[in-house]
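Visitor: What follows is each chain in one-letter form.
Protein chains: 2
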Amino acid sequence: MSIRIGILGYGNLGKGVEAAIGQNPDLELAAVFTRRDPAMLQVRTPGVEALPADALLKMQEQIDVLILCGGSATDLPGQTPYYASLYNVVDSFDTHANIPQHFAAVDQAAKASGRTALISCGWDPGMFSLNRLYANCILPQGKDYTFWGKGVSQGHSDAVRRIPGVKDCRQYTIPVPEAQAAVRSGADPELTTRQKHTRECFVVAQEGADLAQIERQIVTMPNYFSDYDTTVHFITQEELDQNHAGLPHGGSVIRTGKTGAKGEHTHVIEYSLKLDSNPEFTGSVLAAYARAVYRLNREGNVGCKTVFDIAPAYLSDKSPEELRAHLL
Amino acid sequence: MSIRIGILGYGNLGKGVEAAIGQNPDLELAAVFTRRDPAMLQVRTPGVEALPADALLKMQEQIDVLILCGGSATDLPGQTPYYASLYNVVDSFDTHANIPQHFAAVDQAAKASGRTALISCGWDPGMFSLNRLYANCILPQGKDYTFWGKGVSQGHSDAVRRIPGVKDCRQYTIPVPEAQAAVRSGADPELTTRQKHTRECFVVAQEGADLAQIERQIVTMPNYFSDYDTTVHFITQEELDQNHAGLPHGGSVIRTGKTGAKGEHTHVIEYSLKLDSNPEFTGSVLAAYARAVYRLNREGNVGCKTVFDIAPAYLSDKSPEELRAHLL
Numbered sequence: 013m014s015i016r017i018g019i020l021g022y023g024n025l026g027k028g029v030e031a032a033i034g035q036n037p038d039l040e041l042a043a044v045f046t047r048r049d050p051a052m053l054q055v056r057t058p059g060v061e062a063l064p065a066d067a068l069l070k071m072q073e074q075i076d077v078l079i080l081c082g083g084s085a086t087d088l089p090g091q092t093p094y095y096a097s098l099y100n101v102v103d104s105f106d107t108h109a110n111i112p113q114h115f116a117a118v119d120q121a122a123k124a125s126g127r128t129a130l131i132s133c134g135w136d137p138g139m140f141s142l143n144r145l146y147a148n149c150i151l152p153q154g155k156d157y158t159f160w161g162k163g164v165s166q167g168h169s170d171a172v173r174r175i176p177g178v179k180d181c182r183q184y185t186i187p188v189p190e191a192q193a194a195v196r197s198g199a200d201p202e203l204t205t206r207q208k209h210t211r212e213c214f215v216v217a218q219e220g221a222d223l224a225q226i227e228r229q230i231v232t233m234p235n236y237f238s239d240y241d242t243t244v245h246f247i248t249q250e251e252l253d254q255n256h257a258g259l260p261h262g263g264s265v266i267r268t269g270k271t272g273a274k275g276e277h278t279h280v281i282e283y284s285l286k287l288d289s290n291p292e293f294t295g296s297v298l299a300a301y302a303r304a305v306y307r308l309n310r311e312g313n314v315g316c317k318t319v320f321d322i323a324p325a326y327l328s329d330k331s332p333e334e335l336r337a338h339l340l
Numbered sequence: 013m014s015i016r017i018g019i020l021g022y023g024n025l026g027k028g029v030e031a032a033i034g035q036n037p038d039l040e041l042a043a044v045f046t047r048r049d050p051a052m053l054q055v056r057t058p059g060v061e062a063l064p065a066d067a068l069l070k071m072q073e074q075i076d077v078l079i080l081c082g083g084s085a086t087d088l089p090g091q092t093p094y095y096a097s098l099y100n101v102v103d104s105f106d107t108h109a110n111i112p113q114h115f116a117a118v119d120q121a122a123k124a125s126g127r128t129a130l131i132s133c134g135w136d137p138g139m140f141s142l143n144r145l146y147a148n149c150i151l152p153q154g155k156d157y158t159f160w161g162k163g164v165s166q167g168h169s170d171a172v173r174r175i176p177g178v179k180d181c182r183q184y185t186i187p188v189p190e191a192q193a194a195v196r197s198g199a200d201p202e203l204t205t206r207q208k209h210t211r212e213c214f215v216v217a218q219e220g221a222d223l224a225q226i227e228r229q230i231v232t233m234p235n236y237f238s239d240y241d242t243t244v245h246f247i248t249q250e251e252l253d254q255n256h257a258g259l260p261h262g263g264s265v266i267r268t269g270k271t272g273a274k275g276e277h278t279h280v281i282e283y284s285l286k287l288d289s290n291p292e293f294t295g296s297v298l299a300a301y302a303r304a305v306y307r308l309n310r311e312g313n314v315g316c317k318t319v320f321d322i323a324p325a326y327l328s329d330k331s332p333e334e335l336r337a338h339l340l
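From first to last, the protein sequence lines are chains F and Y. Here the numbering used here is used: the first residue of the first sequence is 13, the next is one more, and so on. Here the numbering used here is used: the first residue of the second sequence is 13, the next is one more, and so on.
A hint or two may mislead.
Because identical chains share one entry, a pair is satisfied inside a single copy or across any pair of copies.
As the list claims (entries may be wrong) - When the alpha-carbon atoms are kept at most 20 Å apart in a straight line, the in silico SDA-like pairs for lysine to any residue are as follows:
#, residue 1, residue 2
1, Lys330, Asp156
2, Lys274, Pro260
3, Lys162, Ala193
4, Lys274, Arg56
5, Lys208, Ala257
6, Lys274, Gly34
7, Lys274, Asp170
8, Lys162, Gly198
9, Lys208, Ala191
10, Lys330, Ala116
11, Lys208, Gly83
12, Lys162, Arg196
Derived by calculation from the structure, the hints in this document are not laboratory data.
Let the hints inform the model, and build the full structure from the sequences given.
Guide: Put into structure tokens, the structure is as follows:
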């Protein structure tokens with residue numbers, strides 16, 4: 013019998029989860045839920061309906077795990093605890109500073125309902141976090157580095173779009189090759205924000221806009237750009253649509269550390285991702301962890317979890333014997 | 013209270029475990045055990061004794077986890093099941109083909125004694141296996157590649173040393189850069205053994221030995237060298253001792269896969285290690301997992317485990333709250 017998955021929110025991430033479900037024979041898409049008018053949605057999977065979010069009040073018999081595909085700023089802080097009182101849930105909450113309070117709220121709801129919830133799943137937080145944890149445990153005397161990109165930052169693209177005179181924008185975060193090389197050499201460099209990443213913006217300006225003024229506003233924008241070396245290119249909407257339509261991303265988590273009686277040996281552990289589609293990769297991680305959440309709940313392991321709490325074998329549809337014979 | 017670790021076998025790996033224990037404040041080296049004459053061993057950690065392996069018959073009150081640092085060919089197949097009947101144990105059994113039967117023997121012994129055992133821990137099998145598993149679960153439609161090196165293969169070095177006329181040898185396994193680049197590009201190449209790695213031997217010959225004959229015997233040796241392009245360098249013992257004394261190793265596990273409604277997006281997941289000291293890194297992995305084994309046993313989770321069965325948080329001496337706040 014398949015594990016029946018519900019998707020709440022049918023944007024890029026929801027569609028990424030849907031595509032991942034299609035690659036996992038033991039997972040089945042039960043329905044897509046939306047807070048918009050379901051009639052406006054065309055679900056790609058044949059035979060699967062779009063339903064209003066309110067339908068979730070009474071679908072516990074049809075859904076094993078609900079994957080929440082909303083945003084961390086305004087959707088998930090309310091949604092995840094709420095739906096954890098009704099379903100096993102998985103979210104990709106990524107506001108690092110608020111994880112402790114989000115965890116507490118979801119844990120309380122899930123424990124009260126006897127459900128299992130997984131928060132902050134994806135690649136960062138998610139796979140990058142896992143690799144930070146493993147590497148820290150193996151090399152307790154060491155230093156962590158995270159590089160992001162080259163990839164599209166949606167938050168930064170949005171920030172530029174809010175500048176008067178800007179019609180559209182794609183912002184790329186780019187790691188500095190010299191910084192990466194220094195880290196990989198084991199030299200333990202101290203790196204400033206500016207030394208680690210550069211930013212590149214492809215901007216479509218409204219007709220007659222003051223380009224110099226837009227550029228100045230971008231490169232001096234606090235939090236988003238002022239601590240970085242930023243390059244701004246003005247292009248046409250056609251160029252943007254043609255050359256910058258994708259949502260690639262990626263990055264590396266690197267830990268360097270010393271071992272030996274006198275710390276005489278250096279080791280470099282690196283986990284890196286090169287992703288053509290950020291939302292499809294994230295959706296693929298969420299789908300694998302939905303399988304784990306379903307199993308944990310069947311074992312009576314309820315409450316809120318993170319990727320740290322889940323043994324890797326739970327993610328796989330293979331038996332322990334198969335895993336030991338073929339992947340160990 | 014510290015977790016008290018015993019080490020059985022005081023070669024390179026045993027010393028690597030000892031160094032790792034010194035980096036983990038919650039771990040304590042209780043004693044080193046040897047099947048040789050303990051009087052011949054000088055334990056590096058002040059105040060720690062070398063004891064005969066027989067002393068392990070009656071030290072259950074002093075040792076929480078015993079780390080078995082013997083070899084996979086002849087030591088561990090007997091030792092791990094035997095000591096799992098007396099202690100929580102960790103080993104680095106790495107004969108991939110025999111893992112299922114080793115698991116079965118250790119599982120039976122550990123369940124009968126109420127102990128927890130972890131087999132095949134280290135980096136391959138171990139961290140590489142974990143990364144194969146995670147990547148396979150995330151990208152079910154994809155392809156796995158493992159590259160080893162550049163690093164010293166002790167098995168291959170030993171094989172060359174057994175050739176008549178050879179006094180000493182260091183053998184390096186080297187990944188082919190073009191093959192790695194093709195894999196990282198997402199091109200999914202089919203690669204033969206010869207296309208993935210080359211081998212390089214630094215050989216000290218006995219005086220008057222027939223060098224051409226030694227070289228021929230190396231490069232044509234079945235299983236070890238005949239499927240590879242192998243380069244042989246004859247050097248002096250002094251050069252070998254000076255330039256090839258270390259045991260560096262490393263490698264990469266790469267999985268490339270497709271996502272999207274039509275598999276239109278390619279993703280590359282890579283986990284790579286650059287290790288100055290293979291035994292010290294392996295020892296560091298074993299030490300972190302000894303902590304996990306101790307905790308699992310305290311929770312009543314007995315029997316044989318692999319790295320697939322252990323949630324990452326068990327490896328860390330930090331609390332779940334700290335991990336969520338700082339590493340997620």
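Visitor: Does each hint fit the structure? Answer for all of them.
Guide: These are the hints, each one checked on the structure:
Proximity of Lys330 and Asp156 under a CA criterion of 20 Å is satisfied inter-copy only: 16 Å between copies versus 33 Å inside one chain copy. Taking the shortest alpha-carbon separations for Lys274 and Pro260, only the inter-copy value of 17 Å comes in at or below 20 Å, while the best intra-copy value is 43 Å. For the identical chains of this complex, Lys162 and Ala193 are neighbours both inside a copy (15 Å) and across copies (18 Å), given an alpha-carbon limit of 20 Å. Proximity of Lys274 and Arg56 under a CA criterion of 20 Å is satisfied inter-copy only: 12 Å between copies versus 59 Å inside one chain copy.
Within a single copy, Lys208 and Ala257 get their C-alpha atoms no closer than 26 Å, and across copies no closer than 35 Å, so neither meets the 20 Å cut-off. Proximity of Lys274 and Gly34 under a CA criterion of 20 Å is satisfied inter-copy only: 10 Å between copies versus 52 Å inside one chain copy. For the homomeric pair Lys274 and Asp170, neither the shortest alpha-carbon distance inside one copy (49 Å) nor that between copies (29 Å) is at most 20 Å. Proximity of Lys162 to Gly198 under the C-alpha cut-off of 20 Å is restricted to the inter-copy arrangement: shortest distance 16 Å between copies versus 22 Å within a copy.
Only within a single protomer do Lys208 and Ala191 lie at most 20 Å apart by alpha-carbon distance; the minimum there is 6 Å, versus 29 Å between protomers. When the C-alpha separation of Lys330 and Ala116 is checked against a cutoff of 20 Å, the pair qualifies only between copies, where the shortest distance is 18 Å, while the shortest distance within a copy is 32 Å. Taking identical chains as interchangeable, the C-alpha atoms of Lys208 and Gly83 are never at most 20 Å apart, the minima being 27 Å within one chain and 43 Å between chains. Taking the closest pair of Cα atoms, Lys162 and Arg196 come within 20 Å of each other both inside a single copy (17 Å) and across two copies (15 Å).
Consistency note: the structure conflicts with the earlier hints numbered 5, 7, 11.
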